[in-house]
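**Q** For this one, chain A is given, so just place chains B and C on it according to the hints.
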Amino acid sequence: MAGTALLGRLAWQFGTLADIVQETPRVASLYFDIPEWQGHLAGQHVDVRLTADDGYVAERSYSIASPPEDRRVALTVERLEDGEVSPYLVGELRLGDKLELRGPIGGYFVWRAGEDRPLFLIGGGSGVVPLMAMLRHRERMKSKAPTRLLYSSRTLADIIYREELGGLASAGDGVAVYHTLTREKPEGWKGFTRRVDEAMMQEVAWPKEQMPAVYICGPTTFVEAAASLLVSMGYPPLSIKTERFGATGGSA
Amino acid sequence: MRLDGNAIGGLLREIFAVEMTSAVGTCANCGAVNEVGRVHVYVHAPGTVVRCPACEAVLMRVVRGRGRYWVDMSGVRCLELAEEA
Amino acid sequence: MGFISRGFRGKRRDTASSSRVPPGQYVVTDWPVLSAGPTPRVNVDQWTFSIEGEIDAPKRWTWKEFTALTTENITKDIHCVTKWSKLDTSWKGVSVDTLMDGVDTAAEFTTVFSDGGYTTNLTLDDITGGKAWVAYEFDGQPLHPEHGGPVRFLVPHLYFWKSAKWVRGIRLQKEEHPGFWESNGYHIRGDPWLEQRYWGD
Chain A
1 MAGTALLGRL AWQFGTLADI VQETPRVASL YFDIPEWQGH LAGQHVDVRL
51 TADDGYVAER SYSIASPPED RRVALTVERL EDGEVSPYLV GELRLGDKLE
101 LRGPIGGYFV WRAGEDRPLF LIGGGSGVVP LMAMLRHRER MKSKAPTRLL
151 YSSRTLADII YREELGGLAS AGDGVAVYHT LTREKPEGWK GFTRRVDEAM
201 MQEVAWPKEQ MPAVYICGPT TFVEAAASLL VSMGYPPLSI KTERFGATGG
251 SA
Chain B
253 MRLDGNAIGG LLREIFAVEM TSAVGTCANC GAVNEVGRVH VYVHAPGTVV
303 RCPACEAVLM RVVRGRGRYW VDMSGVRCLE LAEEA
Chain C
338 MGFISRGFRG KRRDTASSSR VPPGQYVVTD WPVLSAGPTP RVNVDQWTFS
388 IEGEIDAPKR WTWKEFTALT TENITKDIHC VTKWSKLDTS WKGVSVDTLM
438 DGVDTAAEFT TVFSDGGYTT NLTLDDITGG KAWVAYEFDG QPLHPEHGGP
488 VRFLVPHLYF WKSAKWVRGI RLQKEEHPGF WESNGYHIRG DPWLEQRYWG
538 D
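Protein chains in written order, with my numbering: chain A, 1 to 252; chain B, 253 to 337; chain C, 338 to 538.
What the hints contain is simulated information worked out from the structure, not anything from laboratory work.
Accuracy of the hints is not assured; some may be wrong.
Looking from chain B toward chain C, a few residues come up when the C-beta cut is under 8 Å (computed) [stated by the list, open to error]: (1) Glu287; (2) His296; (3) Ala297; (4) Pro298; (5) Cys307; (6) Val315; (7) Gly317; (8) Asp324.
Don't be surprised by glycine CBs; every beta carbon is placed ideally from N, CA and C.
Pulled out of the complex, with its shape left as it was, chain A reads as follows (with noise of 0.2 Å):
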């Protein structure tokens, strides 16, 4: 694989919008073809920047959708309607536009195929994203680690790449995929219906005795309490990885 750059200052380059896919109401994949890229891992994020004509800038975070073994490098937005930078990436920004980006960033918060490990991936809304670049890695490289997601959305139109999980899930590959809703109740669902707890943990995630690898991402109140939960329960705090989502340009 190309380098993934883990050495040098991050140059700023320009991806130019090839294609959208609307996941959800308000989330969006955006694809990038980045004639500079150097190749990613998975779980690891770019820092997008935008400049208004007055010379404004914003720059926010986003985590790289896509794995590393595919060209087009993609972006999984979640619109915020009180966002600065969400409403234009997703709304705004169309095909052909260029996005300046700096990429890929991240050494810990990531997942290399080829450990055979029990996988254990804990998103909360638009932090499934760096977890669907680990399992689409781990697809691409037919890893045969044992894997389980626990995906946690508000309702069940809510859930990104739903049909892409419930392929995975179906694919008899190791991969098992726990949706819990907090929002509704929909008619004739299957899953889990409210917030993550330890009762949920207990019977989704793998025995400690296993020796897990625990990825946890979403709104930092989900990560520290999902995290929290499992530390009580007597995986080893080293085994579990964290990434905090948050709104990078505070406002209140």
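**A** Okay, now just chains B and C, sitting in the frame of chain A:
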């Protein structure tokens, strides 16, 4: 609201020219050892403040302005980095 | 000019120049929350405000004593070094002149200190003569914790990092001791009209 060291991966890469989120730091205040990806980060400030997840002491401060960075790492007693990527 | 993101406007900001807006600032109508650490949980039953250091008899007020002091209602513009300005903010607080009444000191400098360890340095001159308050109400309501409540320092003629949140006291000093941001790149004084943002400005 706090984030973690992943959120400043880009900033640290600018300053140190190497991926830092997997570097391991020892808190000068309480001795806790954590990968940069785990530490608490406050980005909504006049600068970036990095705090120990165990004791919330300041590990690092970074201010950027007028083409310069001011970096205080006195809160990190020791930083461990891999030799090769 | 470098790359411009087609169609990007960014958040609502008014860059029209006005004599009320210092150089390099833009006016916002919301109130951005900036914080260098976790929001301290302050128990007003245990809260005190003190004036200490170069003073013969240090002064201390409990919450009850403090809120019994004469207050002022003031309306001021505030300017953050991160470039946003908010006009006509209204506060209720105790003037530092009231707190310093009767205090005899040789100190020219002060450190204003807060719960959570934050400090900022100010000259005595910059916080007296009707220039600074210790405020506990904003817009007619008790000051919200994320904006520094229950009590914050307010010195609006300087960049807002000097208006320390969760304030607990003023230490009078004969020498200048750069505070949390002043020791790490931010200007020792921070006058927005002279654009004193960073060291060397």
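**Q** Hints first: check each against the structure and report whether it holds.
**A** Hints versus structure:
no.	hint	verdict
1	Glu287	violated (20 Å)
2	His296	holds (5 Å)
3	Ala297	holds (5 Å)
4	Pro298	holds (5 Å)
5	Cys307	violated (12 Å)
6	Val315	holds (4 Å)
7	Gly317	holds (4 Å)
8	Asp324	holds (5 Å)
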